[in-house]
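Given chain W, put chain C in place with the hints provided.
Which chain is which? The protein sequence lines are W and C, in order.
Take our numbering: the final residue in the first sequence is number 312, and no numbers are missing along the way.
Take our numbering: the final residue in the second sequence is number 274, and no numbers are missing along the way.
Among the hints, erroneous ones may be present.
Unchecked claim - Straight-line distance between alpha carbons at most 27 angstroms, and here's what the computed DSS-like set of lysine-lysine pairs gives:
#	chain 1	residue 1	chain 2	residue 2
1	W	Lys239	W	Lys205
2	W	Lys37	W	Lys152
3	W	Lys205	W	Lys164
4	W	Lys164	W	Lys3
5	W	Lys310	W	Lys205
6	C	Lys168	W	Lys40
7	W	Lys164	W	Lys152
8	C	Lys209	C	Lys199
9	W	Lys40	C	Lys138
10	W	Lys37	C	Lys138
11	W	Lys279	W	Lys164
12	W	Lys239	W	Lys310
13	W	Lys164	W	Lys37
14	W	Lys152	C	Lys138
15	C	Lys168	W	Lys37
Keep in mind the hints are simulated off the structure, nothing from the lab.
On a predicted model such as this, the values are computed, not experimentally measured, just so you know.
Chain residues, written in single-letter form:
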Amino acid sequence: MGKDIRQVYTDTLLELAQTDDTICVLESDLMMATGTKAFKEAYPDRFFDVGVAEANMVGIASGLSSEGKIPFAASFGTFASRRTFDQFFLSANYARLNVKLVGTDPGITAQFNGGTHMPFEDVGMMRLIPDLVIIEPCDTVSCAALVRLAAKHQGSVYIRLHRKGSQTLYDERQQFELGRGQVLRDGTDVTLIASGFVMVPEALKAADLLKEEGIRAAVLDMHTIKPLDEELVLSFAQKTGAVVTCENHQVTGGLGGAVAELLGEQLPTLMGRIGSQDKFGQVGTLDYLLEAYQLRAEDIAEKARRILAKNS
Amino acid sequence: MNQEQLQELERIARDVRRLTLQSIARLGIGHVGGAMSIAEVLTYLYFDHMHIDPEHPRMDDRDRLVLSKGHAGPVLYSILAKKGFFRLDWLDTLNVGGTNLPSHCDRNLTPGIDMTTGSLGQGLSAALGIALALRLDKRNSRVFAVIGDGESQEGQNWEAAMSASHFKAGNLIAFTDNNHLQIDGSICEIMEIEVLEDKWRSFGWHTQKINGHDFSQIEAAVHLAESVSERPSMIILDTVKGKGCTFAEGQVASHNMPVSREQLDQALAALEEN
Chain W
1 MGKDIRQVYT DTLLELAQTD DTICVLESDL MMATGTKAFK EAYPDRFFDV GVAEANMVGI
61 ASGLSSEGKI PFAASFGTFA SRRTFDQFFL SANYARLNVK LVGTDPGITA QFNGGTHMPF
121 EDVGMMRLIP DLVIIEPCDT VSCAALVRLA AKHQGSVYIR LHRKGSQTLY DERQQFELGR
181 GQVLRDGTDV TLIASGFVMV PEALKAADLL KEEGIRAAVL DMHTIKPLDE ELVLSFAQKT
241 GAVVTCENHQ VTGGLGGAVA ELLGEQLPTL MGRIGSQDKF GQVGTLDYLL EAYQLRAEDI
301 AEKARRILAK NS
Chain C
1 MNQEQLQELE RIARDVRRLT LQSIARLGIG HVGGAMSIAE VLTYLYFDHM HIDPEHPRMD
61 DRDRLVLSKG HAGPVLYSIL AKKGFFRLDW LDTLNVGGTN LPSHCDRNLT PGIDMTTGSL
121 GQGLSAALGI ALALRLDKRN SRVFAVIGDG ESQEGQNWEA AMSASHFKAG NLIAFTDNNH
181 LQIDGSICEI MEIEVLEDKW RSFGWHTQKI NGHDFSQIEA AVHLAESVSE RPSMIILDTV
241 KGKGCTFAEG QVASHNMPVS REQLDQALAA LEEN
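Just chain C, same shape as in the assembly:
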């Protein structure tokens, strides 16, 4: 990735953060923290990597993405809107009755959403099912999945982990948004999940750990993961919950928080300065 590409992705990620915060602030409450922490990985995937077509959101040979931490939907909606899957002004309707953009991802409501998620722990199994179906259909499409670190406490993830390596799902690449916080406190206080790398590796996954806010590292890790055949890949993203948002960064309370007009203005001003 050259400097120009890097700057462009950083510019897009800033804009994605802006759109996401604006859409959440319109209703005055939402899942800020876990949306901000995955802005880079989703920006990289959708603006630089995945084979997708906003005009044909269900195109057969597209790459798929399952956002298992479905509460981060708003950041994905900002990306899909910017890509042109739907009009930007849909972002104004986040969580408004009758909206196409509910707080948690819904494959039937939102163009570009590949799987309905929201009950934590279920997305990785579904992503594996998609990966197996694509293999049956002899498609080269890739399946990306994003799970949370708190979400890793759900046992179903480990059932999926075991079966993905057993079924040699080399077309499945998952990310853990390791932002170190969950609703009730820090992960290490509430329920320790470390050593996460060792766990995934011992379940037979190709495993990497990188800085989840560094586009160059994300690109390198995704390329390396794709070079591995017959094994699923886990890329652990070391991230900061609420990253880039003045009132949310590093805050336990950022999981689902009220957002005032003043906080929004302050956060947007700070984003501009960066």
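Bound conformation, chain W alone:
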């Protein structure tokens, strides 16, 4: 087994902190969940657990940032987004500061914590903040690379971080750039645009299913949801003439919304959106929830087939 994604996050911060004494870590009583205890032990002065007070955490992070620190502040995605929205919007972003806000347990990965803890809206909310960068790594390699890029980026970043479990889809040497999606599989019939730990593998599996039927599906890992890699989306929409977005999030506001807005304005293309269809979260196993919200490879493949049928 490879490293848990959360351990990749902490290890990357530890690695950055070795040569950069401005890296700070903030938690709001979820250090054990995020897995940043190792950072606390290595750099106790630069670690702040504020207790169960997310708004204050983002405010403190903003103050630290105004003095040149690079704070990484984490909570469950629901609280990182909904609970601190005004603080993150004003004290961090409107003030043009450099706060890295981490929302963990994206979408259905909140599992047994259920609807109160299941963020299907965090990316949508964050997309409304001008100039904010939003990233969602899908594996260990992209997580390490994107956390490094987030630290280097001058400006606030929202990191949608998968927590438990490991998967490696990329070669260790793969290069990443903020705002540049990755082509995981080329194709000519339909483009599957996915983000995150859960949906990128589902999209790849869907491409396999479609391949058996003679449908050549391209798969893009859209690890940066904002700014969207418009050039890549437009070129694949042009090439394939059909697009399916795949996100562990509401179909409005997030990746699906971003792609629909772009295509609607610049290159009207038949598309479908896989994700929560205006539904609240609930408890369940990952498998149960994948089925309940129709996020499985089969659902993606079916959506693609329907679009292609409309196109022909």
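Frame of chain W; chain C shown alone:
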């Protein structure tokens, strides 16, 4: 503080009030009340106490100030202009499209503004973050914060209060502008916040309550607060909303009010007489 220094500060505060009222009156509307009530504390800090350099507004070892009640920006702008952070005629541009002086404080637009504020309740957390960063950098700079009494109703202040004492932020000195009024009425009618001293003390802060319009008391309180180590300090300023402005003093409506040419002239004449 000797008599001469006291008179000088009082003269400056009068001038700060004049500049503030003039800048608000130019557009004909603005946050008069909560600006007037903190004229003394800001005058004392910027003209007598803080280590700052108008030529180098982001100087590393400066003292910082977060005006959490960001709507009082205009009184701070008058002070910064008088100190030479920017030209006095910038005050004519308050709230004009494209200005460097928006109604609420903006760290990116105005030289000398250390933190962007305006959504009440957020400034104290940011001030604490600044204080923690200064400690990490082993700087002796102090961080001052000013919150409103109505603003104290925002829960985030109490999260910040709890964490500032937990993190032993001895370099953080906050003031509450206790002018007893908020937009919808008097504080005690709308949402009682007393006993404010007991609240801050119970959150682990060194707490004092003084007359917020008395320079000698302000000086003594700030010095005492700075002698306290490893604990943040709260200085509750008993103030009058709209203080020193004939048409605003003690008025609930003074929070954000229209200001006519006649009202301005009358208020400036009264300031001169004092």
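Structure-based check of each hint:
no. : hint                : result
1   : W:Lys239 / W:Lys205 : holds, 21 angstroms
2   : W:Lys37 / W:Lys152  : holds, 23 angstroms
3   : W:Lys205 / W:Lys164 : holds, 21 angstroms
4   : W:Lys164 / W:Lys3   : holds, 9 angstroms
5   : W:Lys310 / W:Lys205 : holds, 23 angstroms
6   : C:Lys168 / W:Lys40  : holds, 18 angstroms
7   : W:Lys164 / W:Lys152 : holds, 25 angstroms
8   : C:Lys209 / C:Lys199 : holds, 12 angstroms
9   : W:Lys40 / C:Lys138  : holds, 20 angstroms
10  : W:Lys37 / C:Lys138  : holds, 24 angstroms
11  : W:Lys279 / W:Lys164 : holds, 24 angstroms
12  : W:Lys239 / W:Lys310 : holds, 17 angstroms
13  : W:Lys164 / W:Lys37  : holds, 15 angstroms
14  : W:Lys152 / C:Lys138 : holds, 24 angstroms
15  : C:Lys168 / W:Lys37  : holds, 21 angstroms
Going down the numbered hints, you'll see the structure goes against none, and every one checks out.
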